[in-house]
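Participant: Sequence:
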Amino acid sequence: MKKEININGTIVGDSHPPYIIAEMSANHNGSMDRAFETIKAAAECGVNAIKMQTYTADTMTIDCDKEDFMIRGGLWDGYKLYDLYKWAETPYEWHKNIFEYAKNVGITLFSTPFDESAVDLLEDLNTPAYKIASFELLDIPLIKYVAKTKKPLIISTGMANYEEISDAVDAVLSEGNEELILLHCVSSYPAPAEKYNLQRIKLLKKRFGCLIGLSDHSMVSTTSVASIALGASVIEKHFTLSREDKGPDCEFSLEPKEFKDLCAETKTTWKALNAEGDTNESIQSQSKDLRRSIYFIKDKSAGETINVNDIKRIRPGKGLAPKFIEEIIGLKLKYDVKRGDPTNWDLFYK
1 MKKEININGT
11 IVGDSHPPYI
21 IAEMSANHNG
31 SMDRAFETIK
41 AAAECGVNAI
51 KMQTYTADTM
61 TIDCDKEDFM
71 IRGGLWDGYK
81 LYDLYKWAET
91 PYEWHKNIFE
101 YAKNVGITLF
111 STPFDESAVD
121 LLEDLNTPAY
131 KIASFELLDI
141 PLIKYVAKTK
151 KPLIISTGMA
161 NYEEISDAVD
171 AVLSEGNEEL
181 ILLHCVSSYP
191 APAEKYNLQR
201 IKLLKKRFGC
211 LIGLSDHSMV
221 STTSVASIAL
231 GASVIEKHFT
241 LSREDKGPDC
251 EFSLEPKEFK
261 DLCAETKTTW
271 KALNAEGDTN
281 ESIQSQSKDL
291 RRSIYFIKDK
301 SAGETINVND
311 IKRIRPGKGL
321 APKFIEEIIG
331 LKLKYDVKRG
341 DPTNWDLFYK
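The opening residue of the sequence shown carries number 1 in this note's numbering; numbering runs sequentially from there.
None of these hints come from the bench; they were simulated from the model. Don't be surprised by glycine CBs; every beta carbon is placed ideally from N, CA and C. The reader is advised that the hints may include incorrect statements.
[Stated by the list, open to error] BS3-like mimics (lysine-lysine), calculated; alpha carbons at most 30 Å apart, straight line:
1. K298 - K332
2. K206 - K144
3. K206 - K2
4. K267 - K288
5. K257 - K271
6. K80 - K246
7. K2 - K150
8. K338 - K271
9. K288 - K312
10. K260 - K3
11. K2 - K151
12. K148 - K86
13. K338 - K350
14. K334 - K318
15. K298 - K350
16. K3 - K271
17. K260 - K151
18. K323 - K338
19. K267 - K205
20. K206 - K3
21. K86 - K3
22. K2 - K86
23. K205 - K40
[What the hints assert, rightly or not] Distance ranges between label pairs, derived from CB positions:
24. K288 - G46: 31 to 37 Å
25. D14 - R339: 50 to 56 Å
26. A272 - K148: 36 to 42 Å
27. A302 - K271: 47 to 53 Å
28. M70 - E100: 34 to 40 Å
29. K66 - E178: 40 to 46 Å
30. P91 - N197: 35 to 41 Å
31. E175 - S117: 15 to 21 Å
32. P192 - R291: 34 to 40 Å
33. D170 - D77: 32 to 38 Å
34. N104 - N274: 43 to 49 Å
35. D261 - D170: 34 to 40 Å
When you get a sec, could you build the whole thing from the sequences and use the hints?
Facilitator: Okay, structure coming up:
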């Protein structure tokens, strides 16, 4: 499995800053102009990519009033599946314009397909990567169809056990595609941060040997920031211009100011975890001068012997280290010294 993956010119991997994806999903609220505004705002937040979803109500389900097709509980309680997806869909005829707009803005855009027709559309638009939603992790035929493109593939693992994840991973590998990223995910909307069990990131990495990230449905940035410390290379989070829009996904999406903070905080966390030693040396050099060292606290003449009252361990740190004080006592001076001079070995006969 590849340890580094190139998505549209940006390298994703543990030795690179976290790859931040803003999920637009249905937060265009049925307006292509709103989709454009959302893409531009996400780019200004500092994300690496923005993601959409490619489906129609008819590719997701059937228009049926039976109880099986009704949502009970949660954010979309009372909706018929068909009606929810009809409300949330991004029309196929918008896709070309949206991809072109993202290119003009200078932001990477890719999508989550929900059936083979969506993959075909996205291939025609030369999408640089694909995402498989948690709910589609069991759709092995779809995963294989996407994997055949040989493009980077990101799979969310919400609700899935290890056997189900293994089936999905095997499906990708069976098509000769090793450009795989798994996202730890809690499929609740929104998801309480305290229920995220972020330690699973380490378990997924150990078990599957691929890059791991986080699909974060919590309403805070803390979850995403903490995931970086546990090895997440990718963060995906829903993005909206305003939760007041009351669109299908708005209530569990971050607004621009929040998302900008998330981008900054996750990348700062990554830098803090990966700071190199020479960088530490350079930024601490001034502080090192304020450590204690041994100084003369009396004027002394050449030939005199140093006694305990002639020297002291004080700040700053320009003299010999405090550990040498016992060695200095009893030595004779080669040269005159003044009160406030730092000690050094060249001043003494040995």
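Participant: If a hint holds in the structure, say so; if it doesn't, say that too.
Facilitator: Hints, one by one, checked against the model:
| no. | hint | result |
| --- | --- | --- |
| 1 | K298 - K332 | holds (14 Å) |
| 2 | K206 - K144 | holds (23 Å) |
| 3 | K206 - K2 | holds (14 Å) |
| 4 | K267 - K288 | holds (28 Å) |
| 5 | K257 - K271 | holds (21 Å) |
| 6 | K80 - K246 | holds (18 Å) |
| 7 | K2 - K150 | holds (13 Å) |
| 8 | K338 - K271 | violated (46 Å) |
| 9 | K288 - K312 | holds (18 Å) |
| 10 | K260 - K3 | holds (27 Å) |
| 11 | K2 - K151 | holds (12 Å) |
| 12 | K148 - K86 | holds (29 Å) |
| 13 | K338 - K350 | holds (20 Å) |
| 14 | K334 - K318 | holds (19 Å) |
| 15 | K298 - K350 | holds (21 Å) |
| 16 | K3 - K271 | holds (19 Å) |
| 17 | K260 - K151 | holds (28 Å) |
| 18 | K323 - K338 | holds (22 Å) |
| 19 | K267 - K205 | holds (20 Å) |
| 20 | K206 - K3 | holds (13 Å) |
| 21 | K86 - K3 | violated (38 Å) |
| 22 | K2 - K86 | violated (38 Å) |
| 23 | K205 - K40 | violated (33 Å) |
| 24 | K288 - G46: 31 to 37 Å | holds (34 Å) |
| 25 | D14 - R339: 50 to 56 Å | holds (54 Å) |
| 26 | A272 - K148: 36 to 42 Å | holds (40 Å) |
| 27 | A302 - K271: 47 to 53 Å | holds (52 Å) |
| 28 | M70 - E100: 34 to 40 Å | holds (38 Å) |
| 29 | K66 - E178: 40 to 46 Å | holds (42 Å) |
| 30 | P91 - N197: 35 to 41 Å | holds (37 Å) |
| 31 | E175 - S117: 15 to 21 Å | holds (19 Å) |
| 32 | P192 - R291: 34 to 40 Å | violated (46 Å) |
| 33 | D170 - D77: 32 to 38 Å | holds (36 Å) |
| 34 | N104 - N274: 43 to 49 Å | violated (33 Å) |
| 35 | D261 - D170: 34 to 40 Å | holds (38 Å) |
Going through the hint list in order, the structure does not satisfy hints 8, 21, 22, 23, 32 and 34.
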